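**Student:** Could you build all of it, start to finish, from the sequences and the hints given here?
What follows is the residue order along each chain.
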Amino acid sequence: MKQLTHILEGFGSTLQLLLRSLSYIGTLPRQRGRFIEQCYLIGYTTLPIVAILSFFIGSVLALQAGYSMQNFGAKQFIGSLVGLSMARELGPVMVAILLAGRVGSAITAELASMKVYQEIDALVTMNIPPARILVLPRLAAVLVMVPVLAIIADLVGWFGGAIVTKYVSFISIEPEAYFSVLRRYMKFKDVLNGLIKAEVFGFGVVLVCCNIGLNTRGGPREIGAAVTRAVVVSLILILVLDYFVTKALL
Amino acid sequence: MNNPQQTARVGLFFLLGLALTWVTFETLSGGKVFKDKGYNLIAGFESLKELKEGDEVRMAGVKIGTVEKTRLAGRRAEAVLRIDNTIRIASDATASIVMAGLIGTNYIGIDLGSEKAPPLQPGAEIHTRVTPDLNTIMTEIGSLGQKLEGALSSFGTTLNGDGKGGGLFQKLDKLVSDNSERVSTTMTNLQEITGKLNRGEGTIGKLINDPSLHDQLVAAIAEFKATASQAQAFVADAQGIVAQVKSGKGTIGALLYDDTAGNDLKATVANLRSVSDKLAKGEGTLGKLINDDTLYNTAQGTLKKADRALDGMNDAGPITAVGIVANSLF
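As given, the protein sequences belong to chains A and B, one line each in that order. First residue of the first sequence? That's 918 in the working numbering, and the numbers climb one at a time after it. First residue of the second sequence? That's 122 in the working numbering, and the numbers climb one at a time after it.
Some hints could be false.
Cross-link-like lysine to aspartate or glutamate pairs, in silico, DMTMM-like; alpha carbons within 20 angstroms at most [stated by the list, open to error]:
hint : chain 1 : residue 1 : chain 2 : residue 2
1    : B       : Lys-170   : B       : Glu-261
2    : A       : Lys-1106  : A       : Glu-1091
3    : A       : Lys-1104  : B       : Glu-147
4    : A       : Lys-992   : B       : Glu-177
5    : B       : Lys-190   : B       : Glu-147
6    : A       : Lys-1104  : B       : Glu-189
7    : A       : Lys-1106  : B       : Glu-189
8    : A       : Lys-1164  : A       : Glu-1091
9    : A       : Lys-1106  : B       : Glu-147
10   : B       : Lys-190   : B       : Asp-205
11   : B       : Lys-346   : B       : Asp-336
12   : B       : Lys-158   : B       : Glu-171
13   : A       : Lys-1104  : B       : Glu-174
14   : B       : Lys-367   : B       : Asp-398
15   : B       : Lys-158   : A       : Glu-1093
16   : B       : Lys-184   : B       : Glu-171
17   : A       : Lys-1104  : B       : Glu-171
18   : B       : Lys-370   : B       : Asp-358
19   : B       : Lys-370   : B       : Asp-380
20   : B       : Lys-173   : A       : Glu-1116
21   : B       : Lys-184   : A       : Glu-1093
22   : A       : Lys-1104  : B       : Glu-177
23   : A       : Lys-1106  : B       : Glu-174
24   : B       : Lys-327   : B       : Glu-313
25   : B       : Lys-409   : B       : Asp-398
26   : B       : Lys-184   : A       : Glu-1091
FYI, nobody ran anything at the bench for these hints, they're computed from the structure. Just so it is clear, the structure is predicted and the values come from calculations on it, not from any experiment.
**Tutor:** Quick look at the structure:
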């Protein structure tokens, strides 16, 4: 019962934080500096790890697909399989998980320490709502940066698959054929689908992490606990949201 | 706060994202940058089956374009084909939907058409032909399977019976078990017969095994041939005789073909008839002898008298013989 109350409390406070942040949306142009900084942290610094991970996910996907499909002569469809899997599912989910691990944990740690060391209280005392200067720029930045990360993840994943299909001896499909099949069986709608998913996941992850950080109570030890909880809740949220968003977008 | 370098990086990153999204959109949705150059043709079908936009158009197996659009046009489905500018399609060429694989990959196959036919103009409609798809083939195979199953089950009923009467196997089994003794006897007899044949016993056995019989047969045939040649000679002789007879030579010839002999014969026959008539009427000595009983009775009386005289002589015979013997003794 206590657990359920905690979950419901978490939902409620997250929703309240969202509404409070949105109420300050008019102040966003004045917070350009904070917005750019968050964009840099969320987008630019996350790019290398997203690129590396996507490349290998695309490669492994092509490798596994080639290994499985060679048994019934469907190797030439690897391009469409890798393309659709990356664009519709793996790209957005991997970006969101990396965001939770790298950006979400950082946000929670920062806000939790601010809360523990009473910086947040000081802001409130100065009549500066934390939702306005700490949450809104992050939400705006994630909305702008996640699609960019997702499209890069998709393309890098496709190229990873193309390289594997060309150079692995038991697959050996030319990149032209790989991309021809990928183009034939994919529509931009599939990619857009993935971008929307990534947007929803990223937004959810940042919101949850901000909320957990701002609601930290206790001493410095609680900062670590808050970060752990933020990452776990983000991962669960991503996978639960994944099902429903996918179902809604089909 | 943030430095200009950071801002520039974020801006560049965002622009990169926009550019990549645009390129992906153009590539996947056939934007103008990558749009296939060429001209359109319309292909109308009853059903486009699994044909999708972006599927290939091939002529004799070579890709010459793509399916640009699929649409419903009244009571039929139309595929708009984008054909490469360098390719000319003859006006009598025929398009059909061809299955490239079992997992629903199709393309439009166009045959070469005749060489002299004028090429189709952009926007023209190409002739189409319906080809059976996998579903039709599967349905036919299914009905064939049902027929086969029916035939096999009736065959099975014939062999194994339908529960009421026994099947062929049961009947055969019963026949064999009921007549096992007879069959066994028959087999023994057959074995015995074949044994005899093998040993050269009996007529057929000798016929099979004895070479002398063969020689005899050959000799008999040779004799038969000789007889046949003799018969041939005989027939030739007979033909010669008949020819002689026909030409009126010899007695028979004269008899058949000479009128004098015929007349003589007629006179002789007439004489014979008059003699027989007299005999029948009892005229003359012979006639009386045949027809008159008096002579018979007289002859019978005479014979009786003679018989009695002989009997008298027989009775006196022994006495006379004794007298003669006595006389000679004394």
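**Student:** Tell me, which hint numbers fail for this structure?
**Tutor:** Violated hints: 2, 8, 12, 14 and 20; rest satisfied.
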